[in-house]
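Engineer: Chain residues, written in single-letter form:
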Amino acid sequence: MNTSARKTIWTLGSFLAAMVLVAGVSLVAPAAHAKTKAPIRIGVIAPFSAIDGASIINGAEMAVDEINKAGGIEGRPVKLFKYDNHASATDAVRAFQRAVKQDHVVAIAGTFISEVALAIEPWSARLHTPFIVTGAASTKITGEVHNHYARDKYVFHNWLNSDFQGRVVCDFAKDELVGKLGYKTAVVMSEDAAWTQPLDVSYLKCLPKAGLKVLDHIRFSPDTNDFTPLFNKVESEHADVIIAGWAHVGVKPTVQWHQQQVPALLAGINAQAGASSFWKSTNGDTEGVITGTAGVSGAAVTPKSEPFTKAYTKRYHTTPAYNAYSTYDSIYMLKAAIEREHSTNADKLVTGLEKTDYLGTVGRVKFYGRNDLYTHGMEYGKDLVQTVVFQWQHGKQVPVWPHRVSLAKLEVPSFVKQHVAMNR
Amino acid sequence: MTLLLQVLVDGFVIGALYGLGAAGFTIIFGVSGVLNLAHGGVMVVAAMVAWMVAGGILHASLLTGVVCGVAAGMVTAYATYYLVVRPAQRSRRIPDEEREIFILTATLLLGIVIQEGIAYLFTSNPVTVPPLVSGVVHVFGVRTPTNELLIGVISWVVLGLLWLFVNRTRQGKAVLAASINPHGLAMLGFELPQIHRLVWGLYGLLGGVAGVLLATFEGASSGLVGGLTASAFIIVVLGGLGSVPGSLVAAYVIGFMETVTAYLISPAIRTLPGMVLLLLILYVRPQGLLGRR
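Protein sequence lines correspond, in order, to chains A and B.
Under numbering that gives the first Met the number 0, the first residue of the first sequence carries the number 0, and numbering increases by one thereafter.
Under numbering that gives the first Met the number 0, the first residue of the second sequence carries the number 0, and numbering increases by one thereafter.
Bound-form chain A, shown alone (with noise of 0.2 Å):
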């Protein structure tokens, strides 16, 4: 045989020998890769840029990893998928779509905003897939699937919604405001937003319940910049306290109550308050001023509340957001929810997640049925979830209410206390 033809036959034999060498390998490989199961797929939807958007997706990243080193959901991987909304309801549809037609996912997590939450939610039916709500409030969320139940039920809404929060913040007034500091005079103050329509509604009717009367009613664009002409509205009538209804806005009114010194406290809710870098953002001036949220260092709501709070201190160096431990709850309730049906198909998961009865780490969730008012949301009780109230006092989030998780009393502000000392 000549020198080609030698060559010729050594490239051929070689090459069959490769193919055959992976035909081999490729038989033999996917029994040993039977046995890593396909991930599980979960997509979270939230506005990075924003701290209350990046609290969403950094909750259910810390749920996802641990529920991973635990070795997953029934012996398979969660695999997460993030989605930047820009907190925009564009974008945010356009993400929802694409989580399930691209990447699959079973459930959705999310997002940061009403507006954009409801924008969401018929996609929710149209695709059939669950989506959680853990950063928004409006009572429309629920509302959807108490009318159209069979379409709409893929929607829950893990996070206490308006009407609650406002009955929240009354029963606080009536312990703390009424009964430890003798006020008697409030102003609602809210931004104009979705979230605090129905919020305002509960406001007006239990605060006057609670003793305290409202003097009057401001509604805020939140895009307001310069909110100096409504604190000399407030401070003109003499009111004891301010009630907010602030979540888009946060810095600005906040910096400009203290600078301005307005005899008035601040309290109600104030979202943005409820994360440690609020206090940079305000360079101190935040001190004093009371909101109500999920969680607070300090604060032993649950038994896992305290270890989630320091634990996502230590990894993503500010404290957790409310929206922080709702979505990191949603994605354990999701876990329950599949080991419990066995099943990740789409109206499986929802009747897994109708059984919910779970203790998180804003309390024990359950969630509202069929014929209840606000269908598929949080329920709102003493033994169940009922947030907890903190003030910032001496650049630290301290618990005041309830009693059982309080650290200490209300702090008031020297430039508030000199004006209700004038008033009695």
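What the hints contain is simulated information worked out from the structure, not anything from laboratory work.
One or more of the hints may lead you astray.
As the list claims (entries may be wrong) - Computed beta-carbon distance windows for the label pairs: (1) A:393 - B:134: 50 to 60 Å; (2) B:86 - A:222: 51 to 61 Å; (3) B:191 - A:93: 42 to 52 Å; (4) A:314 - B:104: 41 to 51 Å; (5) A:354 - B:120: 35 to 45 Å.
Stated by the list, open to error - Below, simulated SDA-like cross-link-like pairs (lysine to any residue); rule was C-alpha separation at most 25 Å, straight line: (6) A:395 - B:55; (7) A:313 - B:70; (8) A:279 - B:96; (9) A:365 - A:60; (10) A:408 - A:181; (11) A:279 - B:168.
Ideal placement from N, C-alpha and C gives every residue a C-beta, glycine not left out.
Knowing the structure of chain A, use the given hints to seat chain B on it.
Structural biologist: Chain B alone, transformed into the frame defined by chain A:
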């Protein structure tokens, strides 16, 4: 009476801040012929750096923060000129009749890049720079944060220095001449590139000071970039493109109109009357209140 005083005080400060921001914007147009749509970026970058140094991250002294903030404003202005505006002005591949639109679009895009960059690095949540002085003063029964009054005073001091510079120094007079007739100035032997260097640096200084002061009063965030550019644009067109006195007058007109609207009607529509006025002026006197061209 108290309400009137509150409006006067608030309007005075707002007008001064607007004036400071708009003065730089109109000088750049007058000398370079550029409508810098990344204007808000200069102010917000200055604010963010001041916060980072003095407030949030480095915890240095307030003075250091302010100086760093203003310097950052100047860096941003220079970056806008050398990286975006000058290459576009000199490029032979852009047809002359399209050049202005090209520069306009380029600065608009730069503004968006700055906005998104700030959001990525600092989140879109607002931050505030610690106030220069704390406490309140009582002016005729109106309680005002001392810082707010100080901002008004500082703005006017800076504007006064600007006036001195433009009218009393050789360099400054050259800048004024360049805004009237750049070719004539070149024929007299002045180096135009040097003038441009000076003007953009001055612009960065004015915008930087305005941004830092704004952050001590209202706070700053990435979302403000577009709005600040729009405000400056409206004021400068109302006052007359290229005229600094015009933009100052317009700044106060707009400032007071906004303040009165916010107090008497609602803060939600505070910008509306100003914009309606702008439309009317463009119809009746398109060169603006004190414009030359």
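Engineer: Could one say that the CB atoms of residue 314 of chain A and residue 104 of chain B fall in the range 41 to 51 Å?
Structural biologist: holds, 42 Å
Engineer: Is the Cα-Cα distance between residue 395 of chain A and residue 55 of chain B 25 Å or less?
Structural biologist: This hinted pair holds, its Cα atoms lying about 16 Å apart.
Engineer: Between residue 393 of chain A and residue 134 of chain B, does the beta-carbon spacing fit 50 to 60 Å?
Structural biologist: The hinted range 50 to 60 Å is violated for residue 393 of chain A and residue 134 of chain B, with Cβ atoms some 20 Å apart.
Engineer: For the range 35 to 45 Å, tell me whether the beta carbons of residue 354 of chain A and residue 120 of chain B fit it or not.
Structural biologist: holds, 44 Å
Engineer: Below or equal to 25 Å on CA atoms is what counts here, so check residue 408 of chain A against residue 181 of chain A.
Structural biologist: holds, 14 Å
Engineer: Would the pair residue 365 of chain A and residue 60 of chain A pass a check requiring their Cα atoms to be no farther apart than 25 Å?
Structural biologist: At roughly 23 Å apart (the allowed maximum being 25 Å), residue 60 of chain A and residue 365 of chain A satisfy the hint.
Engineer: Sort out whether residue 70 of chain B lies within 25 Å of residue 313 of chain A, counting only the CA atoms.
Structural biologist: violated, 34 Å
Engineer: Could you tell me whether the CB distance from residue 86 of chain B to residue 222 of chain A stays inside 51 to 61 Å?
Structural biologist: Because 35 Å falls outside the window, the suggested range is violated.
Engineer: Take the C-alpha atoms of residue 279 of chain A and residue 96 of chain B, compute the straight-line distance between them, and say whether it is at most 25 Å.
Structural biologist: violated, 49 Å
Engineer: Check whether the Cα positions of residue 279 of chain A and residue 168 of chain B lie no farther apart than 25 Å.
Structural biologist: Not satisfied, since the Cα-Cα distance of roughly 42 Å exceeds 25 Å.
Engineer: Is the hinted range of 42 to 52 Å satisfied by the C-beta distance from residue 191 of chain B to residue 93 of chain A?
Structural biologist: holds, 48 Å
The structure does not agree with the numbered hints 1, 2, 7, 8, 11 stated previously, though it agrees with the rest.
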